[in-house]
Amino acid sequence: MIANFAQRILDNVQKIFVGKEEAIRLLLVAVLCEGHVLIEDVPGTGKTTLARALATTLGCTFRRIQFTPDLLPSDITGISWFNQKTQEFEYRPGPIMTQILLADEINRATPRTQSALLEAMQERQVTADGVTRPLERPFLVLATQNPVELEGTFPLPEAQVDRFFLRVTLGYPNSSEENAILERFGAHDPFKDLPPVTHPQEIFEMIEARQRIHVESSIRDYMVKIARATREDADILLGASPRATLALYQASQALAGIRGRNYVIPDDVKSIIAPVLAHRLVISPQAQLRGRNAQDLIHEIVARIPVPVES
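Its first residue numbered 2, the sequence shown is counted upward by one per residue in this note's numbering.
These are computed hints drawn from the structure, not numbers from a lab. Incorrect hints may appear among the rest.
[Claimed, not checked] Restraint ranges, calculated between C-beta atoms of paired labels, are given here:
#1 Glu23 to Asp190: 22 to 28 Å
#2 Ser218 to Ser81: 46 to 52 Å
#3 Arg64 to Glu184: 28 to 34 Å
#4 Ala304 to Arg113: 39 to 45 Å
#5 Ser177 to Asp130: 36 to 42 Å
#6 Gln287 to Trp82: 49 to 55 Å
Even for Gly, the Cβ is constructed at its ideal location relative to N, Cα and C.
Construct the entire structure; sequences and hints are all you get.
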């Protein structure tokens with residue numbers, strides 16, 4: 002059931018977004034887990050196009066916020082304004098009151114403005130002027146940042162990075178994909194002909210189906226050993242949090258469902274571990290000087306932890 006759902010989404014998104022099936026599947030994993038995604042890549046690789054195509058395909062509302070240094074928290078959460086006709090304050094919702102939110106170039110806003118997203122990302126609610134309002138489900142934040150241009154940016158604090166379920170990188174298209182992009186977008190806007198292929202109620206049903214996917218106790222133990230190993234590695238200053246372990250568990254369930262199974266195997270964990278954990282780790286300066294990065298360290302940890310086998 003989940004595999005058929007995922008294939009419909011994938012086929013529809015690829016009417017707009019050329020190639021990058023693995024990146025689209027990672028977004029589908031996030032949708033099935035109601036997790037937020039950090040899309041990190043250079044400008045012009047289609048980050049905004051992918052987010053918009055996904056929102057349209059899912060039949061969800063979509064809003065985009067361009068983060069800039071002068072953006073205020075109230076520009077995100079909304080404000081209360083005084084209606085002179087009724088002589089009362091009325092709440093004017095901010096762009097965060099949506100289902101799919103694209104936070105474009107999130108690291109260009111100040112830490113104060115970035116923190117306006119924390120409550121929404123964790124609690125799925127917004128507090129403005131002392132009043133707390135729930136957000137409509139499903140609620141996903143797709144945040145983009147440019148890893149190359151650092152001038153005028155504010156690095157995301159570890160607490161906010163840890164709230165992102167996955168990190169996805171797109172990369173440049175190959176020559177045939179780039180040729181298809183020119184053909185597809187050269188004459189008209191394909192978004193005009195892109196229909197939704199699902200709706201929020203079906204998404205909730207798929208989320209419930211994902212939660213029922215079986216994870217054997219030895220697989221759970223395997224995930225815990227990997228997470229604990231990141232905390233004990235001398236080259237890692239900050240290892241995976243318990244939130245990261247839970248994200249690995251849920252993402253493995255989702256990937257197993259997308260692959261057409263109702264149970265998780267070690268290969269599911271191995272396939273999803275880098276997108277779930279790499280962005281959460283803080284590497285020591287000495288390791289960085291030796292050219293080590295988070296993905297290399299994760300691969301080494303996975304290589305030395307015994308894989309559970311069926312008895």
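How the hints compare with the structure:
Checked against the hint of 22 to 28 Å, the C-beta distance between glutamate 23 and aspartate 190 comes to roughly 26 Å, which is consistent with it. Between serine 218 and serine 81 the C-beta distance comes to about 51 Å, which sits within the given range of 46 to 52 Å. A hinted range of 28 to 34 Å holds for the C-beta pair arginine 64 and glutamate 184, which are about 30 Å apart. The hinted window of 39 to 45 Å between alanine 304 and arginine 113 holds, with their beta carbons roughly 42 Å apart.
In this structure the hint that serine 177 and aspartate 130 lie 36 to 42 Å apart at CB is violated, the actual value being about 53 Å. Taking 49 to 55 Å as the suggested C-beta distance range, the pair glutamine 287 and tryptophan 82 conforms, at roughly 53 Å.
When each numbered hint is compared with the structure, a violation occurs for hint 5 only.
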